[in-house]
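Please work from the sequences and hints to get the whole structure.
Here are the chains, one letter per residue:
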Amino acid sequence: MSLVDSPAPHKPGLEPTSETTARKGNISVRLRSSLQQLLAFGSLIVLVIFFGIMNSRFLLPTNLSDILLSTVVIGLLALGATFVIITGGIDLSVGTGMSLCSVMTGVVLSYLGLPLWMGVVGGILMGTVIGAINGFFISFLRIPPFIATLAMMLVAQGMALVVSGTKPIYFTSTPGFSNLALGKPIVGLVVPNAVFIFFAAAILAGIVMSKTLIGRYTFSIGSNEEATALSGINVRSWKLWIYTVAGAFTGLAGVIIAARLNSAQPGQGLGYELQAIAAVVIGGTSLAGGKGSIVGTVIGALIMSVLTNGLRIISVPQEWQNVAIGVVILVAVYLDMLRRKETAQ
Amino acid sequence: MTQQVPPLLAVRGVTKSFPGVRALHNMHLELRRGEVLALVGENGAGKSTLMKLLSGLYVPDHGSFDLDGKPFVSNGPKHAQELGISIIHQEFNLMPDLTVAQNIFIGREPRRFGLLSEHALNRKAQDLFDRMRLQLNPRESVGRLTVAKQQMVEIAKALSHDSKVIIMDEPTAALNDAEVATLHDLIRGFISLETGVIYISHRMDELKLISQRITVIRDGEYVDTVGTAETSMKEVISLMVGREVSGEQRPTAATAGARTDVVLSVEGLATKALLRDVGFDLHRGEILGFAGLMGAGRTEVARALVGADRATFGNLRVRGADVDIPNPAVAAKLGIGYLSEDRKHLGLMLERDVKENIMLSSLTENSAGGFIKEGALRRTAEEFSKKLRIKTPSVHQLARNLSGGNQQKIVIAKWLVKDCDILIFDEPTRGIDVGAKEEIYKLLDELAAGGKAIIMISSELPEVLRMSHRIAVMSEGRITGFLNNAEATQENIMELATRRISAIPGAVTA
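Protein sequence lines, in the order shown, are assigned to chains A and B. For what it's worth, our numbering labels the leading residue of the first sequence as 1, then goes sequentially. For what it's worth, our numbering labels the leading residue of the second sequence as 346, then goes sequentially.
None of the hints are false.
If you only want the chain A side, here are some residues facing chain B, beta carbon under 8 Å, derived: (1) Thr212; (2) Ser223; (3) Asn224; (4) Thr228; (5) Lys291.
Taking CB as the label site, the calculated pair distances span: (6) Phe140(A) <-> Arg456(B): 24 to 34 Å; (7) Leu270(A) <-> Leu691(B): 31 to 41 Å; (8) Leu38(A) <-> Lys718(B): 52 to 62 Å.
If you are wondering where the hints come from, they were derived from the structure by calculation, not from laboratory data. Predicted model only: the values in this text are computed from it and were never measured. All C-beta atoms in this analysis are idealised placements derived from N, C-alpha and C, irrespective of residue type, glycine included.
Given below as structure tokens:
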């Protein structure tokens, strides 16, 4: 009654074997996953061409450089938010958290008079602490991300005001600091340092997302948290790390915005979190988790700043610019839902 | 058989209780080397509890498990996996947005210089598939695969761990015949002198094909183990059903006789996913029981009837008139009420009081100019609360504080207030204790006697037999037969419920 007699060499196969079909399959798989990015990238190009035709000043190098510069802060916050959102979470604390990091840099440089690099590290460290605290409350105490980070949003705002004494901190004693953001690394090119820092950060984020365990588990948790846990992955501690990484990007954003304004503004920051989330969503990352990309987020952030800049240049009043961005968010999310519905069927 | 060799996997006298329920009692099971052991039992016989114990999600109260003759305690699915036991659940533990390869090697990702190597990962997966002679693309995302292929991914994952024992829970529930054959080939390929498979299924014909022995369990206890070749499937079913059906009440002839006018007539009901050509008539004063195994499509019929899911009807008539039910609001207007099996999530607002729950769907009738008439609400709620004998100090009590039976009565009251005369009960006594069950049965009898037409979906055969005037039995999305109460037995219901419909074209697209 045993099955020792070896089974006939069956050929379990649900479809015909062929090298070419397999390869074709791979290509279509890759195309499909990048469809949303292509769509976002296409929209970006269309927008640039549209504004370029409407007003030729839009395409001037100085204006394009302005657009890039205005992408940097939201973009950095959005890079971190991408990780959090792919896990199926949300982070509302990145805006005010960023201010607290600016203030921390201010304290290190202007109050304590420490060297420049320590200010940079101090700001980023502050961000990782904020992220780690968020992650602790969310993964170990099981507080919903929305609530935990909403609380952190208020705490960070309050702390920024307390530490700074509600006044901006100026970097008059460290004249080199603003160069960190506004210095021009390439002679003859108007593009400032901050833009290069942003793209370097984006490349780093992209590598972390696609090439490291933390990135893989970010997708895995967002895709099916329970299945991930049952596969033996320590979901709690990975989530803590994911929020911590997101916090590091918040910290970097805080340092850069301080350098760009040559001052730490404790009162600013509120509202940045929503713009960052918008950039992530426009870039095709699903708020339901499991799907998204860093490339998409970079494009999403660029779309936001192209829209703002372009609408201003063709003299659309400020209030209507907000309306336009709101509509773009709706369209992006609706497209994502359509796509998901199609996938589900 | 050489008896000196210890069995590959043994369950020895395992007992597991939950508050109020004894899920397993003194359970025995022996899996030999090189065999496929079928494990059968009715819904709720204790199969899933046993699986959770083996995977280490639960800890047994008594008893032990042996692997290769040595006792072991698993402290989680990961640990069980390391010991060589893989469990493939009915709901797959897969991450739909990750690729096939990423899913299989989750937690064991190959790395180069600290970075993930997608290339090495896909090659490892492809090697595995080649060894299994399996056609799968490692780069495809799992969410886009058919259920059959997702099943293959689960099996590949189990094989990649060098498992000795694979336990499969209803692996063919969603597969067509060709896919079942592929699965069986994979199982035969996996079986060697050092491995074994526990195959949980209700499909009697499949057990004949794949298993060597069959272990039957019932009500959390071991019944018997028989050789597949020398046992008829009829014998297996009677072992499964086992308990004496004597002494039970049957619906009285008086109520059973009152079947004249057809109030609901369904023809050619189908859904994209499961249902095929479902048709039946429901009479005034009748309780039509729906029996079948999990996933047979009973709840899907109910949801389609009230417009909760998209479905196509050949013909749908309510009280003789052709109708179209696109959503539950229309169903309610037509007098069809659906009482979900998931009372707590879909039927009740636990944090609101009895009155609000009863009156929720009748607010428009009890308001003027948008303002709610509280007095009228309270009076009606109290009237129905009394009529249905809901045990609550007042209608202002929170639903949360009531017992399961009384919560169920609140939901019934809600539809009665709405004047529904077609009531669909999905597992009306799930999670309700024995005494309260009798109370619900009495109420259903009274409702039918009073002229309501009732569809009752139930997984408990004694309950179906006790309550139904007629019984529709479903399997794989179709009705496989109708039985009058007089001729129905647990055995012939089970026989219809396990009947396998051969390859339904288009049911599962490859």
